[in-house]
Amino acid sequence: MDILLDENHEKRVETLRSGVFKFQLGLASDEIKLPLQRVEDVQTRFKSSPLANFANELEKEVIVSSIFGTNR
Numbered sequence: 002m003d004i005l006l007d008e009n010h011e012k013r014v015e016t017l018r019s020g021v022f023k024f025q026l027g028l029a030s031d032e033i034k035l036p037l038q039r040v041e042d043v044q045t046r047f048k049s050s051p052l053a054n055f056a057n058e059l060e061k062e063v064i065v066s067s068i069f070g071t072n073r
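The sequence shown lines up with residues 2 to 73 when you count with the working numbering.
Where hints are given, some of them may not hold.
[Said to hold, decoys possible] In silico DMTMM-like links for lysine to aspartate or glutamate, alpha-carbon gap of 25 Å or less:
hint	residue 1	residue 2
1	K12	E32
2	K34	E11
3	K48	E62
4	K23	E11
5	K48	E60
6	K61	D31
7	K12	D31
8	K23	E41
9	K48	E58
10	K23	D42
[Claimed, not checked] Simulated restraints, written as ranges between beta carbons of each label pair:
hint	residue 1	residue 2	range
11	T45	S19	32 to 40 Å
12	R13	T71	27 to 35 Å
13	F69	R18	14 to 22 Å
14	A29	T71	39 to 47 Å
Bear in mind the hints are in silico, worked out from the structure with no lab data behind them.
Because the structure is a prediction, the values reported are computed rather than measured.
Note that the Cβ used here is the ideal one computed from N, Cα and C, for glycine as well.
All chains should be built: construct the whole structure from the sequences, respecting the hints.
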């Protein structure tokens, strides 16, 4: 894991598994309220859609094939 702080006072955390995350101080909750609500709404709609079931099954297949592929 790599942690850096740049001149914009952003903390950049690089992970091996999930990539790079950036954290910033001073984020106002009222500024992120609407985008956060949109994300929550989309996640709720996606979970109830048929596409979510397909994505879950596909995820399982990918994990199994990845594990199987490491045994070669």
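Checklist entry - Which numbered hints turn out to be false for this structure? => result Structure breaks hints 6 and 11.
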